[in-house]
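Can you make the complete structure from the sequences, with help from the hints?
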Amino acid sequence: MPSFSSPSSIKQSVWFAYDPQCATYLRENLSKMSPGDIWCAEFDSSNSSITPQLTLDKYLGDPVRQLTYKHFPTEEPNINVPVYDSTKPEMNKIEYLENFLSNQCWRSAIDWTTTYFQQQKQQQSAEYYHLWFIRFACLVKIRHFQTVETEFESFGNLYSRAYVNQQHGGSILPFTLRLLYAEMPYYSDKPHDSLDRLFRLLMMCNTIISVTNDKKQINDLWCHRRLRVLYSISNCYVIMKRIDSIVDILEQIAKSDKKNQHFIYLLIARVLLQFGDEINAQKAMDESIKLNTDGDDNQDYQLQLLLTKGLFALFRNDYDLCNETFLDVLFQTMNVKEQTIATNNNCVCLLYMSQMKEALRLFEFLIHPQPPKQLEKQTIHESVIYNICTIYELESFRFLQKKCELLHYIHKHVPDGFQLSALKLQTQPTH
Numbered sequence: 089m090p091s092f093s094s095p096s097s098i099k100q101s102v103w104f105a106y107d108p109q110c111a112t113y114l115r116e117n118l119s120k121m122s123p124g125d126i127w128c129a130e131f132d133s134s135n136s137s138i139t140p141q142l143t144l145d146k147y148l149g150d151p152v153r154q155l156t157y158k159h160f161p162t163e164e165p166n167i168n169v170p171v172y173d174s175t176k177p178e179m180n181k182i183e184y185l186e187n188f189l190s191n192q193c194w195r196s197a198i199d200w201t202t203t204y205f206q207q208q209k210q211q212q213s214a215e216y217y218h219l220w221f222i223r224f225a226c227l228v229k230i231r232h233f234q235t236v237e238t239e240f241e242s243f244g245n246l247y248s249r250a251y252v253n254q255q256h257g258g259s260i261l262p263f264t265l266r267l268l269y270a271e272m273p274y275y276s277d278k279p280h281d282s283l284d285r286l287f288r289l290l291m292m293c294n295t296i297i298s299v300t301n302d303k304k305q306i307n308d309l310w311c312h313r314r315l316r317v318l319y320s321i322s323n324c325y326v327i328m329k330r331i332d333s334i335v336d337i338l339e340q341i342a343k344s345d346k347k348n349q350h351f352i353y354l355l356i357a358r359v360l361l362q363f364g365d366e367i368n369a370q371k372a373m374d375e376s377i378k379l380n381t382d383g384d385d386n387q388d389y390q391l392q393l394l395l396t397k398g399l400f401a402l403f404r405n406d407y408d409l410c411n412e413t414f415l416d417v418l419f420q421t422m423n424v425k426e427q428t429i430a431t432n433n434n435c436v437c438l439l440y441m442s443q444m445k446e447a448l449r450l451f452e453f454l455i456h457p458q459p460p461k462q463l464e465k466q467t468i469h470e471s472v473i474y475n476i477c478t479i480y481e482l483e484s485f486r487f488l489q490k491k492c493e494l495l496h497y498i499h500k501h502v503p504d505g506f507q508l509s510a511l512k513l514q515t516q517p518t519h
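Note that our numbering has the sequence shown beginning at 89, numbered continuously upward.
Think about it this way: if two alpha-carbon atoms lie no more than 20 Å apart in a straight line, the pair counts; the simulated PhoX-like pairs of lysine-lysine are: (1) Lys-346 to Lys-304; (2) Lys-512 to Lys-491; (3) Lys-491 to Lys-445.
Keep in mind the hints are simulated off the structure, nothing from the lab. Since the structure is predicted, the reported quantities are computational estimates derived from the model, not experimental observations.
This is the structure in structure tokens:
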């Protein structure tokens, strides 16, 4: 299998580094721990209890609803979108949190956790810290990165013995919480800090994998977690524009995740294309096609391949072919994410071809599907709304009115996690 990274890229040993002292401890105590909670704390750390603190202790509410009422004072509330109300005690049940999450009402979910952590005493349990993860994940969804970092600071050292189960060992912090902690500096444009945390987490995964080779189910779980860490590391390299490191780590992932190798090499092709290396991008795509043993029967792969070919056409300024390719994707898939990617790129082609009205028609078709069907929340993606508003500004002197009409439509169909900045309105919601 060809390599698309340079010889000067990261040394191979870094991907498999592990902690021998920790490995010895885990071998002696592995039988006491549950598979998902296997962990080794710092041996010289304190086991004194730490109390996480809220820094965002006010309710966020629903800014979409607030701004809609400002422009449309007589508008009826959208009963299809659940909203947290702190004056209703029944809303503090866990079922309401699950409902907010399933409906993508991130702000209501955050408000639910605000009440919970204000009213409940700290508990040294995985369930308690899982609620912290839910809070942080929702805050990331609405881009409150600084709040997450500040509240994480109150946790202290996540590798300390304070976060070890005192009865049977193992971690009381969910792995997802540890991974999110490692990723957080990345969101604040500090990828080097994220890399330090992620490589430390990678070493822990490697160590656990090294002592569970004879326990397939446990080993598979931690191999999967290791892949998640590797993908997060690759995201850091993307923002740092270290192309050799990105390709190097994706090739490592391909070696570990053989059943998805053909998809990973398509991803490598897109990365190389993004950085202008068309020759190696073409080689990576050719390698991907060779690795796809299912042929045309693998519809998911064929769609991803078609998307990649469309990106090649866009890179080569072949707008006619690009337009044709992305239209094929739109006709062949009902997947919202693929439709959004294809529509965004297709509209870029149409704009280059001076077909602004056709681009706007495509965008509006995505969020106003015809014939009418049940609209999926993910269809009204912020990037799509932002692009529509940009075209409104270029296409019509009535752009403010059109944006307000779009706001009214969003209020009817979108939960409270929507970012108002996508509408490019100067006015802000009242508080």
